[in-house]
Amino acid sequence: MNKVSLPDFNQTIPIDQIGVEERVARLNSRSIKKESKVQGLKLALSMIDLTTLEGKDSEGKVIQLCSKAKKPYAPMPDLPTVAAVCVYPNMVSTAKKALNGSNINVASVATAFPSGMAKLQVKLDDTKFAVEQGADEVDMVISRGEFLKGNFSFVFDEIAAVKEACGDAHLKVILETGELETYENVRKASDIAMHAGADFIKTSTGKVSPAATQPVTLVMLEAIRDFYRETGKMIGMKPAGGIRKAKQALQYLVLVKETLGADWLTPDYFRFGASSLANDLLMQIVKQETGVYQSSNYFSND
Amino acid sequence: MSETKEKTSADATNGSPKPTSPNADLKLDFASFWEYSSAPESSDFVEINEKYNHFINGEFVEPEKGRYMKSINPASEEILTEFAEGTSEDVDKAVQAARKAYNKTWSKLSGRERGKYLYRIARMIQERSRELAITETMDGGKPIRESRDVDVPLAAAHFFYYAGWADKLEYAFPGRKPEPLGVCGQIIPWNFPLLMLAWKIAPALATGNTVVLKPAETTPITALKFAEICSDAGLPDGVVNIVTGAGQTGSAIVNHQGVDKIAFTGSTEVGKIIQKSLAGTYKKYTLELGGKGPNIVFEDAPIDQTVEGIINAIFFNQGHVCCAGSRLLIQEGISERLIQKLKDRMETLIVGDPLDKNTDIGAINSKAQFEKINEYLEIGVNEGAEIYQSKCDLPENGYFCRPTIFTGVGQSNRIVREEIFGPVLTIQTFRTPDEAIEKANNTPYGLASGIWTDKGSKIFKVGQKVRSGVMWSNTYNKFDPTSPFGGYKESGIGREGGLHGLYPYVKLN
Chain A
1 MNKVSLPDFN
11 QTIPIDQIGV
21 EERVARLNSR
31 SIKKESKVQG
41 LKLALSMIDL
51 TTLEGKDSEG
61 KVIQLCSKAK
71 KPYAPMPDLP
81 TVAAVCVYPN
91 MVSTAKKALN
101 GSNINVASVA
111 TAFPSGMAKL
121 QVKLDDTKFA
131 VEQGADEVDM
141 VISRGEFLKG
151 NFSFVFDEIA
161 AVKEACGDAH
171 LKVILETGEL
181 ETYENVRKAS
191 DIAMHAGADF
201 IKTSTGKVSP
211 AATQPVTLVM
221 LEAIRDFYRE
231 TGKMIGMKPA
241 GGIRKAKQAL
251 QYLVLVKETL
261 GADWLTPDYF
271 RFGASSLAND
281 LLMQIVKQET
291 GVYQSSNYFS
301 ND
Chain B
1 MSETKEKTSA
11 DATNGSPKPT
21 SPNADLKLDF
31 ASFWEYSSAP
41 ESSDFVEINE
51 KYNHFINGEF
61 VEPEKGRYMK
71 SINPASEEIL
81 TEFAEGTSED
91 VDKAVQAARK
101 AYNKTWSKLS
111 GRERGKYLYR
121 IARMIQERSR
131 ELAITETMDG
141 GKPIRESRDV
151 DVPLAAAHFF
161 YYAGWADKLE
171 YAFPGRKPEP
181 LGVCGQIIPW
191 NFPLLMLAWK
201 IAPALATGNT
211 VVLKPAETTP
221 ITALKFAEIC
231 SDAGLPDGVV
241 NIVTGAGQTG
251 SAIVNHQGVD
261 KIAFTGSTEV
271 GKIIQKSLAG
281 TYKKYTLELG
291 GKGPNIVFED
301 APIDQTVEGI
311 INAIFFNQGH
321 VCCAGSRLLI
331 QEGISERLIQ
341 KLKDRMETLI
351 VGDPLDKNTD
361 IGAINSKAQF
371 EKINEYLEIG
381 VNEGAEIYQS
391 KCDLPENGYF
401 CRPTIFTGVG
411 QSNRIVREEI
421 FGPVLTIQTF
431 RTPDEAIEKA
441 NNTPYGLASG
451 IWTDKGSKIF
461 KVGQKVRSGV
471 MWSNTYNKFD
481 PTSPFGGYKE
491 SGIGREGGLH
501 GLYPYVKLN
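First to last, the protein sequences are chains A and B.
Numbered by full-length UniProt numbering, the letters in the first sequence go through residues 1 to 302 in order.
Numbered by full-length UniProt numbering, the letters in the second sequence go through residues 1 to 509 in order.
The hints are simulated quantities; they were obtained by calculation from the structure and are not laboratory data.
Among the hints, erroneous ones may be present.
What the hints assert, rightly or not - In the DSSO-like style, the derived pairs of lysine-lysine whose C-alpha atoms are separated by at most 27 Å in a straight line are:
| no. | chain 1 | residue 1 | chain 2 | residue 2 |
| --- | --- | --- | --- | --- |
| 1 | B | Lys168 | B | Lys108 |
| 2 | B | Lys439 | B | Lys489 |
| 3 | B | Lys489 | B | Lys372 |
| 4 | A | Lys56 | A | Lys68 |
| 5 | A | Lys233 | B | Lys391 |
| 6 | A | Lys247 | B | Lys357 |
| 7 | B | Lys391 | B | Lys372 |
| 8 | A | Lys245 | B | Lys357 |
| 9 | B | Lys489 | B | Lys283 |
| 10 | B | Lys372 | B | Lys276 |
| 11 | B | Lys100 | B | Lys168 |
| 12 | A | Lys233 | B | Lys343 |
| 13 | A | Lys149 | B | Lys455 |
| 14 | A | Lys97 | A | Lys61 |
| 15 | B | Lys116 | B | Lys100 |
| 16 | A | Lys119 | A | Lys68 |
| 17 | B | Lys507 | B | Lys168 |
| 18 | A | Lys33 | B | Lys391 |
| 19 | B | Lys357 | A | Lys42 |
| 20 | A | Lys70 | A | Lys245 |
| 21 | B | Lys357 | A | Lys33 |
| 22 | B | Lys357 | A | Lys287 |
| 23 | A | Lys34 | B | Lys65 |
| 24 | A | Lys34 | B | Lys455 |
| 25 | B | Lys116 | B | Lys168 |
| 26 | A | Lys233 | B | Lys27 |
Build the full structure now, drawing on both the sequences and the hints.
Pasting the structure below:
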């Protein structure tokens, strides 16, 4: 299908750090009020990958998270549900069962998440297990050590192999931008991931600081735009980690709107990897409806 | 999608002269979903008087001849206020007041005391910043985002900066004794009314001069609000005098015998007239005139940030910027990709109500300027250039112009040679650095320029050869009170801002 020749990943696409940050600052000055605010808040809610990725996760915890995913706020039954629930592979079947009958996807991290420090076969087995358990989406991590060493073909091949192991499941490729450090590295890793078959590119595992930032997201969105121009293929974007407030979420949506346009403003092409964001969005939505802020006690913590 | 691919590869084998972008027909849709609701800045609390008089000798006085002019809001074409039309009698009165203040009080104050007044004025500009920003936007048409984030804070910063110099002048000119000139006549343009006032008045007062200033006839209100600030700050009477009016009033200031120095910012055309009138007189002068800034993009430039820089260079303040990067010079290898990206970015520019916080491009300052820009659009098309305008909706009333780029232009075209002073960009390509430098310098102007490349040594190599007062590298339209600003060739004489900005206001003994 793809006649596009692979770029030479040894070439670096120059990115000006100050320019990126200034662009973000300017986009942050957009004033989102009234109907556009309500619409944006609901849109953001529908884009959440409600996430729990802890060593102490249990079936009970996952089931509770899934009920939150299905009905975020009982007093307002017409609200959109979140897009997906994101868990470790051994929790996939629990989540799948709990979400039965809804349109919510189950996403599973895989490939020796979060470090990715395992051999390829382990990563592929991890991926296949998640898919067999019923994962609709797989969130893999790239090998940052190999990337920083300059071993780009290793990173590329690994992503391509995981993509194959995914079968029909959507593949999100986590770049762990906090470990790549420079925007030029972020751009290069994005290009490698997209050319290797990613359906989504994702900023972070949430285990490394800094996690998602707006400038990093902008660089990745611009990579997606260039890839689209080159191949006609739309790739999704998922910032993850550190997005806690509704205002931040709206700022991210502005980034998407003014970089890629309306076609990407859907859960099919944009996700937030977050957990506490949902409640702040709900609180703001209720504030828009009723005119007053509710106590956080009125919103469930799962 | 696969069809597109086949089509382009077929084109390539047919020996098309240069590679075409594979998916130029892929559209990004910026409009159909999630429109921003209007977010207008409230202007309710801003008081604009029905009528303004001259500010002479510390009070507002009626014009001798009793004539008034009107200032309109270019976004709605509604009349905002009436202001006095200055005649030579009014100017004479103002110059006398300034002379008296110079002799009796201002030149006798210590630098430290002068600095105190300037600091006070700077703080009062900050205190009234919201009011000043809204007024600037209503009177001039510039988006509130810019008047709020650029014009007013920078105006305050200029006063703070020169307040700092007031008691340190002997260190500015080591071994020399700086003395003030006397009365300064200052004439400012309509593109940055309050900011240009600050550029003029702050260094003049810091060095011990008194001033007679004339704001532009389409944007007098913030200058008159500044007069209120001078009054509230307790500035001695006559140190700052504001006389409003049009060209004739300006001419009366330039030709007045009692003026020791003229500072003018405006068109090259008027600058030449002023220079002729001043020839053979003892008056010192600085002129900050027009420009046709080259913005040079090399193929190793950070392309997405460059697009942003191009937007800032030409569409900032509707392109009413003397240092605007109005001539884009792109190295051939990346021109097609860059222009595609530029067109995409132009579609996201919001043109409309200047008071809306989301507006990127406001109203053209006046009907005359609006007509001039439209005339140039016509000239460009008639010259055979290819015009591209963003598809945004424009408000029904007011003077609005879509962001415009012209491709397929040559160095000989009028739209490349003449200053348009609007949101209109011409795009040319070049092959080598020498060609870029030659095209950049092939103009009577030399105010500002830009260079975009990832390579630091190239910035310095090209920067040394482009004859312009300012060269921005990997950015554009950045201003700071500490940085001198001014032109080569027909873009002007003298520097404003920074240490250099003190020279035109002192005699050195």
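Verification of the supplied hints:
{"no.": "1", "hint": "B:Lys168 / B:Lys108", "result": "holds, 16 Å"}
{"no.": "2", "hint": "B:Lys439 / B:Lys489", "result": "holds, 15 Å"}
{"no.": "3", "hint": "B:Lys489 / B:Lys372", "result": "holds, 24 Å"}
{"no.": "4", "hint": "A:Lys56 / A:Lys68", "result": "holds, 19 Å"}
{"no.": "5", "hint": "A:Lys233 / B:Lys391", "result": "holds, 25 Å"}
{"no.": "6", "hint": "A:Lys247 / B:Lys357", "result": "holds, 17 Å"}
{"no.": "7", "hint": "B:Lys391 / B:Lys372", "result": "holds, 21 Å"}
{"no.": "8", "hint": "A:Lys245 / B:Lys357", "result": "holds, 22 Å"}
{"no.": "9", "hint": "B:Lys489 / B:Lys283", "result": "holds, 21 Å"}
{"no.": "10", "hint": "B:Lys372 / B:Lys276", "result": "holds, 26 Å"}
{"no.": "11", "hint": "B:Lys100 / B:Lys168", "result": "holds, 25 Å"}
{"no.": "12", "hint": "A:Lys233 / B:Lys343", "result": "holds, 20 Å"}
{"no.": "13", "hint": "A:Lys149 / B:Lys455", "result": "holds, 24 Å"}
{"no.": "14", "hint": "A:Lys97 / A:Lys61", "result": "holds, 14 Å"}
{"no.": "15", "hint": "B:Lys116 / B:Lys100", "result": "holds, 21 Å"}
{"no.": "16", "hint": "A:Lys119 / A:Lys68", "result": "violated, 36 Å"}
{"no.": "17", "hint": "B:Lys507 / B:Lys168", "result": "holds, 15 Å"}
{"no.": "18", "hint": "A:Lys33 / B:Lys391", "result": "holds, 24 Å"}
{"no.": "19", "hint": "B:Lys357 / A:Lys42", "result": "holds, 23 Å"}
{"no.": "20", "hint": "A:Lys70 / A:Lys245", "result": "holds, 21 Å"}
{"no.": "21", "hint": "B:Lys357 / A:Lys33", "result": "holds, 11 Å"}
{"no.": "22", "hint": "B:Lys357 / A:Lys287", "result": "holds, 22 Å"}
{"no.": "23", "hint": "A:Lys34 / B:Lys65", "result": "violated, 51 Å"}
{"no.": "24", "hint": "A:Lys34 / B:Lys455", "result": "violated, 46 Å"}
{"no.": "25", "hint": "B:Lys116 / B:Lys168", "result": "holds, 13 Å"}
{"no.": "26", "hint": "A:Lys233 / B:Lys27", "result": "holds, 12 Å"}
In summary, the numbered hints that this structure violates are 16, 23 and 24.
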